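Q: Please model the entire structure based on the sequences and the hints provided.
Position one of the first sequence corresponds to residue 1 (UniProt numbering), numbered consecutively onward.
No lab work stands behind these hints: they were computed from the structure.
Bear in mind the structure is a predicted one, so any value in this text is a computation, not a measurement.
Among the hints, a few may not be true.
Here are the simulated DSBU-like pairs of lysine-lysine, each with C-alpha atoms no more than 35 Å apart in a straight line [what the hints assert, rightly or not]: (1) Lys335 <-> Lys122; (2) Lys475 <-> Lys166; (3) Lys166 <-> Lys128; (4) Lys128 <-> Lys511; (5) Lys242 <-> Lys166; (6) Lys511 <-> Lys556; (7) Lys242 <-> Lys335; (8) Lys570 <-> Lys128; (9) Lys242 <-> Lys193; (10) Lys335 <-> Lys366; (11) Lys511 <-> Lys193; (12) Lys513 <-> Lys570; (13) Lys182 <-> Lys128; (14) Lys556 <-> Lys182; (15) Lys570 <-> Lys475.
Listed next, with one range per pair, are the computed distances between beta-carbon atoms [said to hold, decoys possible]: (16) Arg179 <-> Ser404: 47 to 57 Å; (17) Ile437 <-> Asp546: 26 to 36 Å; (18) Gly220 <-> Glu398: 51 to 61 Å; (19) Arg519 <-> Arg272: 49 to 59 Å; (20) Arg519 <-> Asn189: 44 to 54 Å; (21) Glu188 <-> Glu137: 24 to 34 Å; (22) Arg484 <-> Glu137: 54 to 64 Å; (23) Glu616 <-> Ala533: 45 to 55 Å; (24) Asp191 <-> Glu140: 46 to 56 Å; (25) Asn263 <-> Arg671: 55 to 65 Å; (26) Arg484 <-> Ser329: 53 to 63 Å.
Glycine included, each C-beta is placed from N, C-alpha and C at the ideal position.
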Amino acid sequence: MTASGPLADPRKQPHDSAGGDDFDIPFDLPADTSAPRPRPGGIAARAAALANPGGPSSPGGAYLDGLNPEQRAAVEATEGPVLVLAGAGTGKTRVLTTRIAHILSLGRAWPSQILAVTFTNKAAREMKERIGAMVGEQVEGMPWLGTFHSIGVRMLRRHAELVGLKSGFTILDTDDQIRLLKQLLQAENIDEKRWPARLLANTIDGWKNRGLSPQQVPAGEGAAFANGRGQKLYTDYQARLKALNAVDFGDLLLESIRLLRENPDVLADYHRRFRYILVDEYQDTNVAQYLWLRLLAQGSHNVCCVGDDDQSIYGWRGAEVDNILRFESDFPGAKVIRLERNYRSTGHILGAAAHLITHNEGRLGKTLFSEGESGEKVTVTGAWDSQEEARAIGEEIEQLQHHSHALSQIAILVRASFQMREFEDRFVTLGLNYRVIGGPRFYERAEIRDALAYLRVIASPTDDLAFERIVNVPKRGLGDAALRQIHEHARAMGLPLVEAARQLVGSEALKPKVRLTLRDLVGAFDRWREQMANMPHHELAEIVLDESGYTEMWQKDRSADAAGRLENLKELVRSMEPFENLVGFLEHISLVMDAEGAGGGDAVNIMTLHSAKGLEFDTVFLPGWEEGVFPNQRALDEQGRAGLEEERRLAYVGITRARRRAKVFFASNRRIHGLWQSSVPSRFLDELSEKDVEVTESRGGSGWGGGQSGRYGYGPSRFDEAQTFGGSSYSTPGWQRAQNAGRGESHSGGGGGRFSDSGFSDNRPSRYAATSAARGRVIEGELIARSSGSPSAFKRGDRVFHQKFGYGEVMTVEGNKLTVQFDKAGEKKVVDSFVQAA
DNA sequence: TAAGGGACTATTTTT
DNA sequence: TAGTCCCTTA
1 MTASGPLADP
11 RKQPHDSAGG
21 DDFDIPFDLP
31 ADTSAPRPRP
41 GGIAARAAAL
51 ANPGGPSSPG
61 GAYLDGLNPE
71 QRAAVEATEG
81 PVLVLAGAGT
91 GKTRVLTTRI
101 AHILSLGRAW
111 PSQILAVTFT
121 NKAAREMKER
131 IGAMVGEQVE
141 GMPWLGTFHS
151 IGVRMLRRHA
161 ELVGLKSGFT
171 ILDTDDQIRL
181 LKQLLQAENI
191 DEKRWPARLL
201 ANTIDGWKNR
211 GLSPQQVPAG
221 EGAAFANGRG
231 QKLYTDYQAR
241 LKALNAVDFG
251 DLLLESIRLL
261 RENPDVLADY
271 HRRFRYILVD
281 EYQDTNVAQY
291 LWLRLLAQGS
301 HNVCCVGDDD
311 QSIYGWRGAE
321 VDNILRFESD
331 FPGAKVIRLE
341 RNYRSTGHIL
351 GAAAHLITHN
361 EGRLGKTLFS
371 EGESGEKVTV
381 TGAWDSQEEA
391 RAIGEEIEQL
401 QHHSHALSQI
411 AILVRASFQM
421 REFEDRFVTL
431 GLNYRVIGGP
441 RFYERAEIRD
451 ALAYLRVIAS
461 PTDDLAFERI
471 VNVPKRGLGD
481 AALRQIHEHA
491 RAMGLPLVEA
501 ARQLVGSEAL
511 KPKVRLTLRD
521 LVGAFDRWRE
531 QMANMPHHEL
541 AEIVLDESGY
551 TEMWQKDRSA
561 DAAGRLENLK
571 ELVRSMEPFE
581 NLVGFLEHIS
591 LVMDAEGAGG
601 GDAVNIMTLH
611 SAKGLEFDTV
621 FLPGWEEGVF
631 PNQRALDEQG
641 RAGLEEERRL
651 AYVGITRARR
661 RAKVFFASNR
671 RIHGLWQSSV
681 PSRFLDELSE
691 KDVEVTESRG
701 GSGWGGGQSG
711 RYGYGPSRFD
721 EAQTFGGSSY
731 STPGWQRAQN
741 AGRGESHSGG
751 GGGRFSDSGF
761 SDNRPSRYAA
771 TSAARGRVIE
781 GELIARSSGS
791 PSAFKRGDRV
801 FHQKFGYGEV
811 MTVEGNKLTV
821 QFDKAGEKKV
831 VDSFVQAA
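A: In structure tokens, the structure reads:
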């Protein structure tokens, strides 16, 4: 877990360029450059490039070898706006990095004149590495390669005073943000139950994502929160931030935009500076990011955005697919280059994914193709319940393992993290190595945040939020009452909390005991601050954790995870070493929040579909393809068609992660938040092209079809009967007749059911169904089975028995779907073949 | 002030 | 089911 610590990635010091403007001071060219190098952007350079566009004799031309014609075009179209529509697995990153190498190598710009933006630190790091591999040391001279946010910080630190900040401003994370908002809500006497701080934080974030300042918030929206007080709260919040000399993540962009808009000279500087702008994952940009980019791109117009509208899966946090759809009108004269040659997946995988995504409207349209083999078909497997699903996947993985398949090349991609547990449980039993990717981040852990809060107070005594966090951690008798007093004094005198505390200690206002404790605390902070000057900061951190009693607190804690927390604290201290000083470390922490590291040997990867974007694996398992889970019900309810389309893109992302094998699963029953839900197979299953899909039987499935009923505790069931499972296929005449009998019928799919009525009828015939019999089978090359099979044998009022829900009474009948009022489990929608007459 | 019980609520997540 | 947060009680 610790080999490469999550935080062990020091960056340049944040303030390295804050003082002198390093504009127009070119980074030294590497000594080993072979070709004569014209002055960047000089006429000679342009002429040379025009005369010999990327030809083999162009400087460093070797890196162009091996690009396909489209990729090459994207690399060489350096001038003017370019949109590269790069489908999954078409070499997007390669194009981006090669393009930068190309620009450098032609001498069109110094490294410091290229702005290259990504979304995550990980992506930035990777890009840097890959560029480095091509151009060597030059990459070190690229200060403007980074995330939107880190570049925003860089700009703001240079010009902080222009937007009413001091250069040492702190960056609040979500946690701080929420605590601050809580205070505001309390001050306004707003019921936090009804209007939770988290919701307000989301609302404000949403506004910031759209580039809206408090004054710009549409009146109606501003009024929607807390009976008309949303906008005021936003205004107050911004005022509080300014008072604290702090910004939140949204501000990093919003304030940068303001800076550029209100200061034409600053903007002009950046225009001169950024000769080339490159943007990764353009489909994920939100409005604020778009505005920011557009401002900067007005200088050179050399902006190249790379993205894939089909992989836009962050609409829910403000990403605007529209940005990519509108690129050509936003940047007139834009070249659009499509990368459609897929180098990752086999033909069947690609075919299935491509067919699925055609169900979306509003896309730019790409057709991926590969020249590789068609490989194995995508499999679809039904399981009785989520446990069996996990069991089946576990067994398949063991099979693969026996065939020397590396576990690290296997991924299980789930829609939501509650699905992970089932797999973890199962893999623990099997002794199968796995790792969960995503999870709680290192920096989010309470102990890390506490430790950081101590350090923050030391580094900047005005950091009230940090002080509040740790005044009484560990418990030292400075509870609410004491804190309130400090607060009041601070407000009255206009002081930061630490100062207010210092003054109170010198007065008679506090109870003696409190006063003593507080005096010690303030004294300790003073002492630590002095030590900061003449002691390595990581040693200081250790001292602070010791002397504050924080380490001791966890040592005494006898809960199961206390040891882990102490380990994390050690890791934190270790990770500080490479940094020059405490301030530098804290800056890094506030921006670089991805906790990579933990390579940890050969293990199956379990993660959400979202976090799988950009990754690839030989074998990908996609469990949980059921209506309600995937597509997620809430996405449907809240976003309607747009929500469905985003879910579909997510499915597309999932399938296209697979190089050789994609294996989709659905379960007919799933325990969600402790309650058993029965579910209908996902509509996405029907949207996979039949020629690329094979429906298989659940192999782990003793629950189904293995004839070993009862072994896993469901007791005997009619699904075990040979009639249902006999033979290896369902191509028996009787089965076909049964299926055909149901065709052409429709049933009303609406009606308040849990998985319906979201504006999409689900009464289309489905090739899959949750019925025992209707786990789709291949019949003469066609997958059939319908969720709306023959009319139900049950009628209203019948008493029925269900394996999971127990006894109940049929309330309504729609086709083969029943709404049953169960005696214990409440009202459920179930498919009739899951119940039997009682 | 601090611990323990009851109510409540459950996507996706980066910075 | 399980984790969190708030409120009550000692």
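Q: Each hint should be assessed against the structure and marked as holding or not.
A: Cross-check of the supplied hints:
Taking the CA atoms of Lys335 and Lys122, the gap is near 28 Å; set against the 35 Å cutoff, the hint holds. Only pairs whose Cα atoms come within 35 Å are accepted, and Lys475 paired with Lys166 is accepted, the gap being roughly 33 Å. With a CA separation close to 30 Å, the supplied pair Lys166 and Lys128 stays within the 35 Å bound. Restraint check: the Cα-Cα separation between Lys128 and Lys511 comes to about 57 Å, which exceeds 35 Å; the hinted pair is violated.
A distance of roughly 9 Å separates the Cα atoms of Lys242 and Lys166; the hinted pair therefore holds under the 35 Å criterion. Restraint check for Lys511 and Lys556: satisfied, since their Cα atoms lie roughly 28 Å apart, inside the 35 Å limit. The hinted pair formed by Lys242 and Lys335 fails the criterion: a straight-line CA distance of about 42 Å is larger than 35 Å. Straight-line distance between C-alpha atoms of Lys570 and Lys128 comes to about 29 Å, which keeps the hinted pair within the 35 Å bound.
Simply put, Lys242 and Lys193 have alpha-carbon atoms about 27 Å apart, close enough for the 35 Å limit, and the pair holds. Proposed proximity of Lys335 and Lys366 is supported: the alpha carbons are some 16 Å apart, at most 35 Å. With a CA separation close to 33 Å, the supplied pair Lys511 and Lys193 stays within the 35 Å bound. Of the supplied pair hints, the one linking Lys513 and Lys570 holds, its CA atoms being roughly 32 Å apart against a limit of 35 Å.
Simply put, Lys182 and Lys128 have alpha-carbon atoms about 40 Å apart, too far for the 35 Å limit, and the pair is violated. For the hint pairing Lys556 with Lys182, the CA-to-CA distance comes to about 31 Å; that is within 35 Å, so the pair holds. Annotation: proposed proximity of Lys570 to Lys475 holds, straight-line Cα distance about 21 Å (limit 35 Å). In this structure the supplied range 47 to 57 Å holds for Arg179 paired with Ser404, their Cβ-Cβ distance being about 51 Å.
The supplied range of 26 to 36 Å is met by Ile437 and Asp546, whose beta-carbon atoms lie about 34 Å from each other. At about 56 Å, the CB distance of Gly220 to Glu398 agrees with the hint of 51 to 61 Å. For Arg519 and Arg272, the hinted distance range of 49 to 59 Å is satisfied, since their beta carbons lie about 55 Å from each other. As the Cβ distance of Arg519 to Asn189 is approximately 34 Å, the hint placing it in 44 to 54 Å is violated.
Between Glu188 and Glu137 the Cβ separation comes to about 55 Å, which falls outside the hinted range of 24 to 34 Å. A hinted range of 54 to 64 Å holds for the C-beta pair Arg484 and Glu137, which are about 56 Å apart. For Glu616 and Ala533, the Cβ-Cβ distance of about 49 Å falls inside the hinted range of 45 to 55 Å, so the restraint holds. A hinted range of 46 to 56 Å holds for the C-beta pair Asp191 and Glu140, which are about 54 Å apart.
Against the hinted window of 55 to 65 Å, the Cβ-Cβ separation of Asn263 and Arg671 comes to about 57 Å, which satisfies the hint. Checked against the given bound of 53 to 63 Å, the beta carbons of Arg484 and Ser329, roughly 56 Å apart, stay inside it.
Comparing the model with each earlier hint shows violations of hints 4, 7, 13, 20 and 21; every other hint is respected.
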